[in-house]
Structure formats: C-alpha cells, structure tokens
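Based on the provided sequences and hints, a complete structural model is requested.
Chains as they are written, first to last, in the numbering used here: chain A, 1434 to 1607; chain B, 1242 to 1881; chain C, 307 to 406; chain D, 305 to 783.
Please keep in mind that the hints were generated in silico from the structure rather than gathered at the bench. Just so you know, even glycine gets a beta-carbon here, dropped at the ideal spot from N, CA and C. It is possible that some hints are incorrect.
[To be verified] Here are a few chain D residues that face chain B, going by a calculated C-beta distance under 8 Å:
id	residue
1	Leu468
2	Ser472
3	Ala513
4	Ala514
5	Pro534
6	Ile593
7	Pro689
8	Phe701
9	Leu728
10	Pro770
11	Val773
12	Trp776
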Amino acid sequence: MLELILFYTFGAIAVISGILVITRHNVVHSAAFLGATLFAVAGIFLTLHAEFVAGVQVIVYVGGILVLFVFVIMLIAVERSVHERQYNKQWTIALITSAILIVEIAYGLYRGRDSLVLPAVVPPAAAAAGGNSEQVGTALYTSYLLPFEIASILLLVAIVGAVVLSKKRTPAEE
Amino acid sequence: MLWLIPILPLLGAALNGVFGKRLSKTLITSIAVGSVALSFLVAVREFLTMLSLPESQLPILTDYFTWIQAGRFQAQFGFMLDHLSGLMILIVTGVGFLIHVYSAGYMAREEGFYRYFAYLNLFVFFMLTLVLADNYLLMFVGWEGVGLCSYLLIGFWFTRKSAADAGKKAFIVNRVGDFGFILAIMLIYWTFERIDFQGVFSRLGEASDFAVEPLGSVGVLTAIGLLLFLGAAGKSAQFPLYVWLPDAMEGPTPVSALIHAATMVTAGVYMVARSAAIYNHAPGALLVVAVVGAFTAIFAASIGLVQTDIKRVLAYSTVSQLGYMFLACGAGAYAAAMFHLMTHAFFKALLFLAAGSVIHGMGGIQDIRKMGGLRRVMPWTHKTFLVGTLAIAGIPPLAGFFSKDAALWAAWNDANYGKLLWLVGVIAASFTSFYMFRLLILTFYGSPCYTEQDVHHVHESPNSILIPLIVLAACSIVAGFAGVPPVLGGDNHIQQFLTPAAHEAKSESLGTTAVELTLMAISTGAALAGAGLAYLFYVVRPALPERLSVQAHSMYSIMLNKYYVDEIYDSVVVWPVVRMSGEFLWKFVDAFMIDGAVNGIGRLVRGSGAGLRHMQSGYVRTYAGWILLGGVLVIAWFLK
Amino acid sequence: MVTTFHYLLLGAALFTIGVIGVLTRRNIMIILMSIELMMNAVNINLIAFSNRLQQVTGQVFAIFVITVAAAEAAVGLGIVIAMFKNKETMNINEIDLMKW
Amino acid sequence: MNLATINIAAILPTLVLSVVGIVVMVAEPFVGEQKKSNLGWLAFAGTLAAMLSLVPMANNRGQWYSNLWIVDDYDVFLDFIFLLIAAITILTSMDFLRREELNHPEFYSLLLFATAGMLMMAASNELVMVFLGLEILSIATYVMAGFRRADLKSNESALKYFLLGSFSSAFFLYGIALIFGATGSTNLLAIADALRSSKIQISLVSLSAALILIALCFKVAVAPFHVWTPDVYEGAPTPVTGFMSVGPKAAGFAVLFRVFLTAFPSIEDRWGSAIWMVAALTMILGNVIAVVQPNIKRMLAYSSIAHAGYVAVAFAATSDRGVSAALFYLLAYSLMNLGAFAMVTIISRKEDKLVNVTDYAGLGSKRPGLAAVLSLFMLSLAGVPGTAGFAGKFFIFRAALESRLVWLAIIGVVTTVISFYYYLSVIVQMYMREPHDEFSDVRLCGSLKFALVISAAGTLYLGLLPTRVLDWTTTAALR
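Structure below.
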C-alpha cells in the first residue's frame, strides 16, 4: 500500500512538473520544474530499491546538469524570450503525432504486460549480496569494466568539446 | 597483340590530354593521327591472322585479367575477335583514321585543339573496347565511354548555348537506353549466371521457356531481347529515342561524321547482331526490332524531306539508314545489317565530311537555301558528294545499292509481315533518294543564292580535307562488291563471311530468282523516281516547292491556280506528303511530342525535386516532426 | 498492486512529454530540457526492469545514461553559447539560414 | 571476472587512437604556433599506427571483456574503413585549418576520439557499448561541425545536428531499455538466444527493434530520417562534412547490420519490409532533390542520402551476399566521397565561399589535373563502369536480385540514371563553361595531394580490380 502511494505521489509529481517544464513561458520556471521532476524520478528509483542510482540522479542530474542549465540561463538574457511567441504554429500536428506515439508504446507494453508483473516475492535486492551500492560497484568494475573506461573517454570528449566551443576566440577568428 | 588496338588511341588521348596544352599543333596532330593509324595497322594484321585460321578456332578469345570475380559471377577483362568484331575494328580504326586526318585540317584554327583530339582518341579507345569486349559488362564499359565522349564532343563549342543543350539532351535520352541495357545485363546474369557471350549463347537452350516473374508470361529471352533493343534504340537513335541525334549536329562536323554517322550510332546494330543467338530464340523481340526499324526508316526519311540545314538532312538520313539496319536485323539477316552498316559508314562519313568541307568553304553557313552553284568553286567536294549521294540513294552499282537491297530482300523473305516491311523500305528508299538529290542540287547546282556580303571568299578546302573525301568516295564505290548477291552473278562474300559469327537464322522460304530481280528493279526504280522528282522540283521548276509550301497553308490558291493538272497532282500526291512530313511529323510528332516527352521527363524530375526540397524547411521542429512521423509509422509497421 | 507495467507507463508518459516539448517549443533551452526528460523516462524503464529481473545491470546502464546525459548537456550548452555570441537569440525558429 | 581476461591486443587500435588523441591535446601548449600543423601529422601517424595494430587485433578473434567486445573479420574490415576515413580527413583538414586560421589541434583529438567511437561501435557485441561508442562519435562530431565558431552557419549546423541527434539518441536508449526488459540482456547473442526460445513477448521486442531502427536510420540518414543531413552538411566546415558523410554513416550501417542480423533475425518479416520501403524512399528522395541543388555541398549531401539508400538495398537483401556488397560499397563510397569533398575543400577557398556548382566553371581549362580528378570522383559516384561506384552498385543490385528484390533493384537503377544528371552537371561546368575565375589562388599543398592520390587510386583500384577486396568482404560477411 505504501508502495502504491509512493508510486502515485512521485509519478504525479514527475508528470505534472514535466508538463510544466514544457509549458512555462519563463525559462527559469521551466528549470525549476525540471528540478522537481528529477527529484521525483529519484524517488521512483528509491521505490524500486535502486538507492545508488537515486543518489547519482540527485548528485549528477540535479547537482550538476541542472546547475549548468541555470548557469547558462543566467548567462544569456531571458527577458526578451519571455514575451516572444512560445509555441510553434504546427503544434496541433505535433500533439497528434505524439499522441499516436504514446498510444503505440502503451499498446506494445500492454500486449507484453504478462511478462511485466513484479516478481511474486520481492526480496530486497540488497539483501542478496551486500548493499545496492556494492552490487553496482562490483558490476561496474568487473563485467562492465570496458564500458566504464569508455565512459571516461566520453567525458573527456565532452570536456574538450565544451572547452573548444567556448574558449576565447583568437583575433583571426573574429 | 589485340590489346594494342585500343591501347594506342588511349595512349594518344592521355598524352594529348595531359601535355596537350604545352605541345605544338603539329605534335598534337601527329600523336592523335599516328596512334589511330598504328592502331589501324595492328587491326589489319590481326584481321589477316584471323582470316588465316580455320573456322573451328574462332573466335579468338584473349582474357587479360579477371575483372570481377564474386562467387560464381565472373567478368573477364577480355577481348574476342571473330568475323563480326574483326569487321568492326577495321571500320572503326579505318574510318577513324581518315576522320582524324580530316580533323587536323578542319579544326586547325579552333581553340582547344588538343582537347578535341584527346576526346576523339578517347572515343576511339572506348569504341574499340565496346566492339572487342567478350562479355556484356565490358561492352557496357565501352558503351558508356563512347556516350560520354560523344556528350563531351557535342558540347565542344560550349559557348553556344544550343550546343550545351544538345549535349544535355543526348545525355538524357541515352540514359533511357542505358537503363534498358543495364536491366538486360542483370536479367542475363539472373538467367544464365554468366555474362560472357560464349557462355550465354551456349546455354540458350536451357532458358527458352523460363518466364520472368514480375513480367508474367513474357519469356525471359524476349524480355532480354527487348531490353537490349531499348539500349540499342537509345544509342542508335531509333524511334522514339532518336531525338538527340539531329541536335547532336551542334558538334564539330568531323565528330558528326565519326560518332554520329559511322561508328557510335551503329553500336546498337552491332550489339543486336552480336546477340543474334538470343534474338533467334526470341521471335517476338525480333519482330519489334523489325517494325521499329522499318518505321524509323520511313519516319526519319520523311522528316528529312523538308529540312533546310545541310547537317540536319544528313542526320535524319542517318536515323533512317539505321532503321534499315534494324529492319534487316529484325528479319534475321544480321549479315545484311552489318553489310549496310559497313557501306553506310563509308558513304555517310563521306557525305558528312563533304558537308563539312562545304560549311568550311562557306564560312560556317549551313542553310542549303543560301548555297547553290558551288559545283564550280568546289569541284572535288562536289564530285565526292555526288558519289556519296548516288551511293546512299541506292543507284547501282554503288555500295548503297547492294547493301540496301540485301536488307530489303531479307525483309521480303521475313515470315511476319515481310511484304509490308519491304514496301515501307522501298518507299523510304524513294524518299531518301529525293532528299539527297534535293540536297545535292540546292547545294552544288543552279546559281548561287548567297551574296558576297554573306560569304567573303568561297573556296575549295585544303588537301588534308580533300584526301579523306577521295578515299571514302573510292570506298563508297567499291565496298558494295563485297556483297554482290548470287542472282547478279556474285557470291555474296560478306554474307558467307559473317554467317558463322552472326548466328544467321536461315530463312527457308527464299523467293525465286525472278522475284529477287523484280524487287531489285522496283527498288532501283523507286530510287530513280525520287531522284527524278527532285530534278523536276529543283531544276526544271525551281519555283514549285516554294509555291507548294505556300499553298499548303491556304487551300484558296490551289483553287485559283491556273496549272490545274499540275495542281491536282500536287495536291493529291505531293501536298499531303509535304504537309505530313513538314507540319505533322516534324513539327508535331518530332518537335512537340517526342521532344516534349524527353524534356518532360527532365522537367518532371526537376519539378518534383523543386517540390520535395520544401520538406527541408530549415526549422528544427519540422525535422523533429519528420523523424517522429517516420518513427510512428515504423513502430506501427512493427507492431502490426 | 504496482507492477512493472505501471512504471513503464510512467516512463512512456514522461518520454512523450519530452517529445512534445522538442516539437512544440521555440526556446532552445527548453528543448534541451525536454531531451533530458526523455532520458529520465528511459532511466525509469531501466530501473524498473532491473528490479523485475533482479539484475543489477539495469542500474549500471542507468549510470551510463546519466553520464551520457551530462556529456551531452555540457556540449549542447557549449554549442548554444557559441551561437549566442554570434546571434543573440534563443528562438530556434530564427536559426534557419540553411534550408531546401 | 578477474583481471586476467583483459586483452589489450583486442582493443589495441581503439587504445592507440585514444592515447594519440590525448597526446595531441596535451602537446598543444608546448608547440609553437608555426608548428601546430605538425600535430596533424602526429594524428595521421596515429591512424597509421592504429591500422598496423589491426594485425595483432585480428589475431585475437573471439569475444572479450565479458562478451562485450567482439573481434571478427567483419570488425577488422570496418575498422580498416574507419581508419582510412580518419587518415584522409586529417590530410584534408591540415591545410584547411591553416587556411581558415582555425589551427586548434583539439580538432585532431576530436577526430581521433570520434574514430575510436566508430571502432567501438563496430566491435561492440552489446547494445550499451554500442550506445557509448555512438555517443563518443556523435558528441565529437557535433563539436567539429561547429568548429568554425565565429560563423553562424557552422553554429547552426552544430546546433541542428546536436538537437536532432540527441532526440534520436533518446529513441535508441528507449529501445535498449525495452529489449533489456524483454530478454533480460543487452548482449546481441543473448538476445538472439532469448528470441529463439519463443517464451518472449513479441510485441515488446518489436517495439524495441522499431525504436533502435529509427535511431540508427537517423544516424545513417535514410528517408524519412534524413532531413537533418543537408543543413548540417552545408554549414559544417568542408573537411568535417566529408567526414560526416562517410564516417558516422559507415559506423551506423556497421551497427545496423550487426544488431539486426545477429539479434533480430527472428523478426525479419517485420524489419525486412520496413527496410525495403526505407531504401526505396531514400533512393528516390535523395536523387530527385539533389537535381535542383545549386550548392555543391548540399548537392553532395543529398547524394550521400541517396548512397545510404543503396546500402539500405543491400541491407534489405538480408543475406551474406548483401552484407558483403554493403561492406564493399561502404569502402568504395568512403573513398570517392572523401575525394570529392577534398576537392570541394580546395576549390571553396577562404571561408568556404565558393561552393556553388557554377563556381567550377572552366576548371577543366584552367586546372586540368584537378578537373580530371574531380571528374573521376563524380563519375564514380554516378556509377560509371570502371570506377569503384559501379562495382559497388553492381554487387548491391546483384545481391538484391538474388534475394528476389527485383523492384528494389529496378528503382535503384532508375534513380542511378537520374543521379547522372547532377553529377554530370559538375563535369559540364568544368569542361563546357567559360571560366569566370582564374583559379590562381587555388593552392594544393602536399597533404591534400596525398589525400587526393589515395582516394583516386582507391577509386580506380576498386573499379578495375575489385575482386581481391570483394573476397575480403565476403569472408568478413560470413558469421
């Protein structure tokens, strides 16, 4: 029962804040609601016994990515864009197509729902072999060692890319 | 040694293309002419070697390397020399050599001299590859190559917009034909799992009743035959794909002579003759070839009746003569087709070169109504042109008589509608004779229609132009004796020579000697009638055609005219012909419908491109929308 | 009773919200945020499956996804800033120099 | 798993590229302004070293790193293509960066990382690994597209690519998540095993296959997921456009073939027909719209869409023959397209100003050598016999016919016929138009010459003697 309440609470927060993210005129408000969504999703992770990922979600997403967003929003003027037209003209077409998309996905999930019930007994995953963090850590450093290293290259590329794009321009470039 | 034949011109093209800008004209000429001359000598030597071999050792196959090897699929880079390709290499290098010599004089003052010779040599290389190839794929290499060179040479004077347009048109129309050829090659591989001539022909029996899936009940061999013929029709300018050839006259005249009269346009005929074994198993395709050939022969000839540009008359005449060749092929007489191909190469090259000499002497004027009386100023050109006219008109005993007669005789003996095809051919022959004599008379006889203002100094051409003319004239006179039919006491060498290579289908129901002689007389009569009519119109009553064309526009004047008998004759016989060919065939069918279709396809593609590019609005949202739309469709398809 | 199906529907809803955001909004920052919403939706799926299958791998994947999201955000914002220096707008519809 | 199973040789080329990428970056501050292009040669040497290290890699066939990484002939052949692409792009860029005064050596680092990403995509036996490789490639390419920071077109190109690329990445991720849920694994072989055991909810699998297909179709730019291509290609710096038109495309197809032929053969009835339609649509759209493009970069962008359509035909054949034809085509296409873009880089001159087809007028008489080389590439792209493009198309259509895709082959031939029109229009400009430019400021330095020689020689070699390479692709296609 608690599970149900938690799911619906977090789920409702996530969806409603998500809708607000894409409907607010002021970008700062959108960013705030994005934060709410991210927290709610972290809550969802907790209900699914994924404590480590929930932590990562809060630290990296909220603490890192969202802050970056807010930085950039502060860096560039927002006043003008608040008063501009916010939506594209063809939003009806977009909405209809998106509706078809969710119907299709839901239909596909619904047809396959037999395999989607939670296991009858829900043993706390953590109990099996130490804590959740330990399990994740073991997987990352053994089976998934290679992608883990590759992810470091990915981050390196991102750093180099961001630096290249925003470092001071040479006189020749101006 | 066979490989030397095409390699020499390629070498010439490479030398002139890369270094030509820095070389002197003499050196460029000697490289270009020399390479083709050497190639000709090698070709003669190879030809003689081949003749000395017994028939069982033919064809001579030389595989140089495996070009493509993929699983069971194999394409060799190999040449094949037999009687058929042997004859072709002699024509290509021989006539090619003469035209190179001619070009040296004709193009002497042109800018881009080296470029011209590089293209021309490259053309000879590709043409020889086409002819010598021992499989369809390599033949296609040559096929595309000659097309490309032709395209470059038509547009050689690219500063003229019409020249560039003509190049483009030639290109687009040939795409349609090439499309057929590619599909044919694919179908051949699909059916026989090989593409070399020997291999395909040896397995023909196995495939005769194999139906092609998407085509329903059409036999696969018929489909292959029709697709190959689509390719041939594009390259050899058959109805309705002939439209590019008259426009191709925008190119330099020697190019018209070499590519658009003697060699490249006959590639289609060669290809059909080469595939004779396939066609003999596909009577349906053969009938289409014959009918299209005959129709093109008379259609193009009737358009030729009213043309006023000296080169365009010859161009329509080429289309018409190619029609004869296909008529002969369609009747199963591949040897006759090749015979006509050979004589046509001589006399048509001769006519074009002589026309070039005239244009050269007239300082660029091509309208025959502005010529006249050139006989006195240009005696040698006149004499050679006369020989060419007599030859093409089919006046015995010149070359055209024997070869055209062989084609017509084959048509007569064809089981399907043979008599009708023959009749069409004979009428076309009288048309041919008429327009050729009209051309001859308007150009060389009568009094000059040009003034000194138009043309400063009408003069005979230099020797480098005249010598090729004389050599070709000699050939046009004697070449026919290679194929004197038995009924006239000859033994038809060429027929026997080509029969093994061309897989001749012997017709059982050959007519009698008397019939053959009668037919011969009739066709000669038709030729003479055409010539006579031209004489009547343009020498005896020069004003007649003028009046005719005026009256063609108003029925009134016919009524009011005093020459009542003449007029009735004119209005019943001549007027419909003039009207038909001038107004309907040329202006409507040719210029409007077929041209329109060609341009229409181009416009359709461009139009849809212009429309579809608006998918690309430049907005990210639209792009995301397209992606989502495609995504939704794909998901729906997967969940079906 | 909450089943995996519920979680998946929640994920689908969030994903679609993100898609709608990308398609309808003009502000580049909000489009970027919408893409983050889509990534989060996927993470809900991964964790839900991880829980159902009793496999920790789903959580490992979620961590990789978060890494990728961070990298994309950094570079994306870099691109936005580089563009903003040349043209002071956040309206995606004004970014249409190239078309057709 | 213990550390003993670490196999350096199996990932050696990727490792070499990453290390050289880092070295180039770290060395930058220590190199004088004048010698910065030497770092380009260092990067070039890195690609050569990676190519050499393909040999030890090829000797370590099999699955490594908990079956995440696979080394087979398919992988080796594709790696060879990727490294060739990287090498030629570096050669083309060196002069370009100097000319545009953009001489930041980070460019080479990004290029090397992007190539490492492609290598990872080809060698991944696992969807999450594919995703990581794809992201490395994409992020590096976004930045390279926007490398000319002061130019609005370059910004726009990067932004469009980034937004739409991330959008499609999300679809890919969604697909991965669902297949993980349906089969309990993201390992391609494990997925295939699970799908064989019939106890699987087919609708979930179909849904995820569809989502993965959408994202990969976006990467390889086939219709209707191609819409981003022309804008992004037009705005990006020309050597980057050349790289984008071949690298990500080849890598995308590498993944497409491996994922669908390894993991999803059991639902071929669904994706086979989808690919059929996508291929037909792509060939038609790409070729028809290219006809009306005045800008040569944009024209080549549409042409690259059309070529993706031909590879998709080979994919639709779903046979070993098809895969081998596609591999051959990818190599042929990479060589000729990189060559064409190298020429565009040369002719466009300072600030990529001269990129209209009409700017090529009279090149044939002013610079016959350059014109001849460009003609070769155009003829090859058009598929004229004797060039790589012809051999490639020929193999693809043969594979299609053997799989009884007659109509697809016919559409392919018809659209090829249309494509002659726009490729030849470049040749027409060069040889049949009066020059209105002396082309005197067209400079050709050693590295560019080298790039042109490699591409031209490769184009001719594959056209005249395709057999040896075809044998190689045939072994690479067998699994």
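Against the structure, the hints come out as follows:
A cut of 8 Å between beta carbons decides the hint on D:Leu468: the least distance to chain B is about 6 Å, and the hint holds. Hint status for D:Ser472 relative to chain B: holds, with the closest Cβ pair at about 6 Å, below 8 Å. The criterion of a C-beta within 8 Å of any C-beta in chain B is met by D:Ala513, whose closest approach is roughly 6 Å, and the hint holds. Among the interface hints, the one on D:Ala514 holds; its C-beta lies about 4 Å from the nearest C-beta in chain B, closer than the 8 Å criterion.
Given hint, D:Pro534 at the interface with chain B, holds; its Cβ is 6 Å from that chain's nearest Cβ, closer than 8 Å. A hinted interface residue such as D:Ile593 counts as satisfied when its beta carbon comes closer than 8 Å to some beta carbon of chain B; here the least separation is about 5 Å, so the hint holds. Contact between D:Pro689 and chain B, as hinted, is supported at the beta carbon level, the nearest pair being about 4 Å apart and thus within 8 Å. With 8 Å as the threshold, the beta carbon of D:Phe701 comes within range of chain B, its nearest partner Cβ sitting at about 6 Å, so the hint holds.
Because the beta carbon of D:Leu728 sits about 7 Å from the nearest beta carbon in chain B, less than 8 Å, this interface hint is met. Of the supplied interface hints, the one on D:Pro770 holds, with its beta-carbon coming within about 6 Å of a beta-carbon of chain B, less than 8 Å. Interface hint at D:Val773: violated, since its Cβ lies 10 Å from the closest Cβ of chain B, which is beyond the 8 Å cut-off. At about 12 Å, the closest approach between the beta carbon of D:Trp776 and any beta carbon in chain B exceeds 8 Å, and the interface hint on this residue is violated.
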